[in-house]
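**Student:** Construct all of the structure, not just a fragment, from the sequences and the given hints.
So the sequences go chain by chain: E and P.
Position 471 of the first sequence, counted from 1, bears residue number 471 in this note's numbering, the numbering being contiguous throughout.
Position 151 of the second sequence, counted from 1, bears residue number 151 in this note's numbering, the numbering being contiguous throughout.
Rather than coming from a laboratory, the hints here were simulated on the basis of the structure.
Each residue gets a CB set at the ideal place from its N, CA and C atoms; glycine is no exception.
Incorrect hints may appear among the rest.
[What the hints assert, rightly or not] BS3-like mimics (lysine-lysine), calculated; alpha carbons at most 27 Å apart, straight line: (1) P:175 to E:396; (2) E:165 to P:176; (3) P:176 to E:399; (4) P:176 to E:131; (5) E:399 to P:116; (6) E:131 to E:198; (7) E:399 to P:132; (8) P:4 to P:77; (9) E:142 to P:5; (10) P:3 to E:142; (11) P:132 to E:165; (12) P:116 to E:131; (13) E:284 to E:263; (14) P:77 to P:178.
[What the hints assert, rightly or not] With beta-carbon atoms standing in for the labels, derived distance ranges: (15) P:122 to E:392: 42 to 52 Å; (16) E:253 to P:132: 27 to 37 Å; (17) E:143 to P:161: 40 to 50 Å; (18) P:161 to E:188: 50 to 60 Å; (19) E:32 to P:122: 37 to 47 Å; (20) E:326 to P:132: 32 to 42 Å; (21) E:253 to P:143: 27 to 37 Å; (22) E:321 to P:3: 46 to 56 Å; (23) P:171 to E:216: 50 to 60 Å; (24) P:30 to E:187: 27 to 37 Å.
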Amino acid sequence: MDSTDKKKILISPVTRIEGHAKITLQLDDQGNVEDAFFHVNEFRGFEKFCEGRMFTEMPIITPRICGICPVSHSIASVKACEMIQGIQPTYTGDLLRRLIHLGQNISSHALSFFHLSSPDFLLGYDSDPVKRNIIGLAENHKEIAVSGIRLRKFGQEISERITGKKIHISGIAPGGMAYPLTEENRLALLAWIPEAKKTVKLGLDIIKKFMDENREMVESFAISPTLYLGLVGPNGEHEIYDGNLRFIDTDGTILEDQLNPAKYLDVIAERSVEWSYLKYPYYKPFGFDKGFYRVGPLARLNVASKMKTPEAQKEFENFKSINSGKPVHGTFYFHYTRLIEALGSVEEAEIILNDPEITSDKIQTLGRWNNPVGIGCSEAPRGTLFHHYITDDTGKLTKVNLLIATGQNNPSMNRSVLEVAKQYIKGTDIKEGMINRVESTIRCYDPCLSCSTHAIGKMPMVIEMKDRNGNLLKTFQRSY
Amino acid sequence: MAKKKIATVWLGGCSGCHMSLLDIDERILDVAALADIVKCPIVDGKDLPEVDITLVEGSVTSDEHFHEILHIRKQSKAVVALGDCAVMTNITGMRNYFNLKDVVDTAYVNAISNDKEGTIPNHPALLKLNEKVVPLQEVIDVDFVIPGCPPDADTIFYVLFEFLNDRIPNLSDVKKLKYG
Chain E
1 MDSTDKKKIL ISPVTRIEGH AKITLQLDDQ GNVEDAFFHV NEFRGFEKFC
51 EGRMFTEMPI ITPRICGICP VSHSIASVKA CEMIQGIQPT YTGDLLRRLI
101 HLGQNISSHA LSFFHLSSPD FLLGYDSDPV KRNIIGLAEN HKEIAVSGIR
151 LRKFGQEISE RITGKKIHIS GIAPGGMAYP LTEENRLALL AWIPEAKKTV
201 KLGLDIIKKF MDENREMVES FAISPTLYLG LVGPNGEHEI YDGNLRFIDT
251 DGTILEDQLN PAKYLDVIAE RSVEWSYLKY PYYKPFGFDK GFYRVGPLAR
301 LNVASKMKTP EAQKEFENFK SINSGKPVHG TFYFHYTRLI EALGSVEEAE
351 IILNDPEITS DKIQTLGRWN NPVGIGCSEA PRGTLFHHYI TDDTGKLTKV
401 NLLIATGQNN PSMNRSVLEV AKQYIKGTDI KEGMINRVES TIRCYDPCLS
451 CSTHAIGKMP MVIEMKDRNG NLLKTFQRSY
Chain P
1 MAKKKIATVW LGGCSGCHMS LLDIDERILD VAALADIVKC PIVDGKDLPE
51 VDITLVEGSV TSDEHFHEIL HIRKQSKAVV ALGDCAVMTN ITGMRNYFNL
101 KDVVDTAYVN AISNDKEGTI PNHPALLKLN EKVVPLQEVI DVDFVIPGCP
151 PDADTIFYVL FEFLNDRIPN LSDVKKLKYG
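**Tutor:** In structure tokens:
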């Protein structure tokens with residue numbers, strides 16, 4: 001395909017200033033969208049600069065990959081360290097880590113839903129972009145905005161009450177935890193549970209009402225089938241902290257089950273592409289072209305046989321009925337599944353906070369270097385995350401490989417953008433709401449790369465359409 | 001008093017500082033009462049209005065960041081370096097010990113999960129990485145610095161609130177003020 005004779009649209013959101021994502025839409029001669037390129041515009045080089053450092057530094061360094069899911073990095077990292085050391089965490093240490101991880105899942109999902117996405121549902125995709133954010137939401141729906149802010153606060157407070165810090169905490173250590181949970185803090189966290197549950201249910205009401213009223217959009221919004229990957233527990237139950245890998249195909253047939261994450265290289269490969277700093281992972285047995293798979297809340301609920309807690313299970317059954325038990329492919333359902341997970345996370349946090357061992361001081365086992373290789377895995381809010389370390393016999397890292405959750409959704413995000421752009425953008429007459437829909441496709445996946453600054457602001461952007469000689473035909477600019 | 005304008009920008013960093021900003025929780029509405037959060041500038045000129053304060057997270061790692069930070073300086077009465085990456089490059093600057101080609105090749109050519117058919121990212125829409133990562137003050141004059149990885153939410157709120165009330169914040173009294 002000769003791209004030089006095609007018209008191109010470049011969507012450069014705030015992300016340009018965030019430095020993190022852009023979209024190029026390529027038009028054919030009739031002005032229809034022909035292809036889309038999702039550019040992830042960020043690279044920091046962790047895999048290189050960690051070389052030569054001690055493996056025990058990794059649980060402190062790697063959370064700095066992401067300010068939204070730092071706990072998942074810590075968890076994957078300490079698991080890799082524990083494999084190198086050949087040790088297991090204590091019961092209480094493990095439970096505390098699980099609790100902190102649930103907290104992060106709650107706060108991250110709250111951010112995605114209430115701060116970033118609910119303004120679209122409550123104010124409208126075509127509403128004034130200046131107001132289409134959490135602050136604009138507070139003007140019209142103050143109670144909902146404040147509830148969402150407080151749900152996120154609850155998740156963050158779990159980390160703070162155990163480790164003294166909300167983001168980039170220290171204390172998650174190989175062998176368990178470095179800090180215990182005090183009785184006073186346990187009670188303070190437990191007191192949050194009813195409010196947190198109520199807010200998640202409020203979110204579920206909002207999304208279900210929106211889905212009912214916009215059935216046609218929901219059912220047609222980036223619906224191409226993919227494979228799915230997620231961790232599951234020993235009985236196939238939904239799991240975000242521990243467990244083994246399960247891959248399913250587009251019909252729900254299980255391709256891999258109870259696969260130890262340490263064998264991830266048997267099933268996953270990735271390819272670097274010219275147009276993005278984010279690589280394109282794929283399911284190895286199916287190859288690059290057919291091996292599209294997705295991770296994250298939608299994937300985890302598609303692969304799981306059941307939830308672990310009663311109220312989440314009830315919603316899960318409702319979700320499963322959407323496609324008669326088969327995988328649900330509609331990208332919009334990421335929102336719904338995210339809230340079902342948030343509900344399960346609040347319920348599980350309550351169970352853990354009531355465990356008599358949670359305030360025990362037996363929080364850490366110790367070990368030295370024993371094995372050269374460590375592979376750790378956790379389910380970040382956005383999907384399955386792998387840390388792979390190779391060390392020399394002094395414990396120094398000689399090779400590091402990180403397979404990040406958002407990366408695995410990259411090929412599908414690219415395709416979803418194309419599908420939605422084809423559906424909503426025709427020719428050069430572009431309305432702001434159309435662009436918002438294209439962006440909202442990406443928001444469904446809640447990728448780390450577009451998160452934080454969108455949280456409180458709008459996304460001004462420029463779309464440029466160019467002819468074959470690179471001359472500007474038309475500029476579309478979202479106004480302030 | 002006219003409502004002030006604030007912008008926040010994320011350069012080469014992890015977004016943790018912005019998350020810490022969100023950790024001011026309900027107080028974001030207090031900030032919104034005093035100022036319009038004119039979220040973030042498109043670099044090319046007219047779109048970023050003149051603002052009173054810009055909080056900048058992250059280091060300068062690329063050509064795009066370099067132009068952005070110059071533009072932000074021009075448009076902002078006060079530029080605040082938010083967090084360790086902006087102040088002294090922190091983790092983002094750890095790649096400075098290696099040459100850039102090695103860093104890029106490690107991810108895009110030699111990673112153990114890579115297949116053999118990939119290509120190193122190189123596209124007009126992508127930023128061009130600089131050989132070395134630098135903190136903000138190597139490129140522009142910075143008016144105020146908040147250290148921390150990330151800075152504590154209370155500190156961020158205090159600084160914002162003081163600026164919005166036309167006072168210079170005094171960090172010597174702030175708890176939890178530290179690098180890392």
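**Student:** Output the indices of the hints that this structure fails to meet, ascending.
**Tutor:** 1, 3, 4, 11, 12, 15, 16, 17, 18, 19, 20 and 21
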